[in-house]
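Anchor point for the sequence shown: position 174 equals 173 in numbering that gives the first Met the number 0, and the numbering is continuous, going up by one each time.
These are computed hints drawn from the structure, not numbers from a lab.
In the BS3-like style, the derived pairs of lysine-lysine whose C-alpha atoms are separated by at most 25 Å in a straight line are:
# : residue 1 : residue 2
1 : K79       : K295
2 : K209      : K1
3 : K1        : K63
4 : K58       : K1
5 : K289      : K63
6 : K1        : K295
7 : K63       : K79
Label pairs and their computed distance ranges (CB to CB):
#  : residue 1 : residue 2 : range
8  : L119      : F292      : 22 to 32 Å
9  : Y153      : K79       : 43 to 53 Å
10 : M0        : L309      : 21 to 31 Å
Don't be surprised by glycine CBs; every beta carbon is placed ideally from N, CA and C.
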Amino acid sequence: MKISYRQLSIMVFMSFIALKFLALPSLLYMESKNMSMFVALALMIVDGLYVFILLDLMKKSGEKNIYEFMKSCVGTFFTKIILIILILKYALVVGNISKGLEFFVVENLYSEYNWFVFVLPLMILVGFMVYKGVRNIARVGEIVYWAIVIGLIYIALKALSGVDVLSFLPFFKDGFKPLVNSAWIHLSWFGSATFMFMLFGFVDFREEKKSRMIKYIIFAILIVQLLYFVFYGLFGVTCPTHNYCISDISQFSSTYSAIDELSWLVVSMWIVAQAIQLALFSYCIAQALKFLFDMKDNWIPTIIVMLYLLAWSFIGENTIRMEQIFFTPYASIITFVAQYVLPIILEVAYSIKHRVWKNKMRLKHEKDEKEVKINI
Numbered sequence: 000m001k002i003s004y005r006q007l008s009i010m011v012f013m014s015f016i017a018l019k020f021l022a023l024p025s026l027l028y029m030e031s032k033n034m035s036m037f038v039a040l041a042l043m044i045v046d047g048l049y050v051f052i053l054l055d056l057m058k059k060s061g062e063k064n065i066y067e068f069m070k071s072c073v074g075t076f077f078t079k080i081i082l083i084i085l086i087l088k089y090a091l092v093v094g095n096i097s098k099g100l101e102f103f104v105v106e107n108l109y110s111e112y113n114w115f116v117f118v119l120p121l122m123i124l125v126g127f128m129v130y131k132g133v134r135n136i137a138r139v140g141e142i143v144y145w146a147i148v149i150g151l152i153y154i155a156l157k158a159l160s161g162v163d164v165l166s167f168l169p170f171f172k173d174g175f176k177p178l179v180n181s182a183w184i185h186l187s188w189f190g191s192a193t194f195m196f197m198l199f200g201f202v203d204f205r206e207e208k209k210s211r212m213i214k215y216i217i218f219a220i221l222i223v224q225l226l227y228f229v230f231y232g233l234f235g236v237t238c239p240t241h242n243y244c245i246s247d248i249s250q251f252s253s254t255y256s257a258i259d260e261l262s263w264l265v266v267s268m269w270i271v272a273q274a275i276q277l278a279l280f281s282y283c284i285a286q287a288l289k290f291l292f293d294m295k296d297n298w299i300p301t302i303i304v305m306l307y308l309l310a311w312s313f314i315g316e317n318t319i320r321m322e323q324i325f326f327t328p329y330a331s332i333i334t335f336v337a338q339y340v341l342p343i344i345l346e347v348a349y350s351i352k353h354r355v356w357k358n359k360m361r362l363k364h365e366k367d368e369k370e371v372k373i374n375i
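From just these sequences and the hints, can you work out the full model?
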């Protein structure tokens, strides 16, 4: 079953914002200070450009899945190596989301609950969505999309009056080096388009509108920039101590009025959005495992993914410490290769293969014409 181009656009939007509103803003601030939002802006723009490279590859692949397409371009051996790299990238994203959710919910919102009360239902939910396939995940994302968008904008506008614009000055006082360092160190939080590899052959392009995808990407970038502007403007030099961007912004302007209940409803919807992304990248792991080991059934890769999630739940530490241990610097290399190198390799390999095929067809045509002339 295929997903529509609109559903794909929404999935891209959700992946662009998924990892941006928990620990990342405070982590960025440690390196790039008041210029942190520019780091996020630059990397998201690059991610947006790669979306269109992957879209081009998806259309070139036709009905082939990613395994079939890569095998035709680079051969079986290199295809399996690429799949391993992609699995590592997806595994990092899944670990990042699952631990971020666990810390956010169990340690920040509902500290009186045992972690297993949260993790077990999450595992079952993710396992079910992975088994049912990407169309199920796309439909859920389509249902909650507007609630998440409206909620994020509401939280940002509600706290906007407390922003100190002067706290952003002076710009680039330490030059561009801290921004480059910060971008590389935290690259694993980006690479937002990598899930698209596992959607080759599963997207219906009959109703494609290029402007639609552009609008969703620009919208995602603007929302992230708005929330980051509010976050850094509210907390300034204390940003490194605020590990949960979305809830800290919400709490900043809290009163005892009934409207604050809406803020927590928005935060709850954000948890739903995170769960959808967790299911999406878990699905990517399952698909890559199926291709790598030639599995026919969904059960085995789904169980492997659920066990992987369970293993992450036993790892302690807080969100900041997790970033320092697991997501730098090797994760940056994995993300760089998976997101930014592999699409270019596939584009070049496909172009060479296509050119060779055209030359063969031309030579064959010329040979046929000569034979016809000789016979005449």
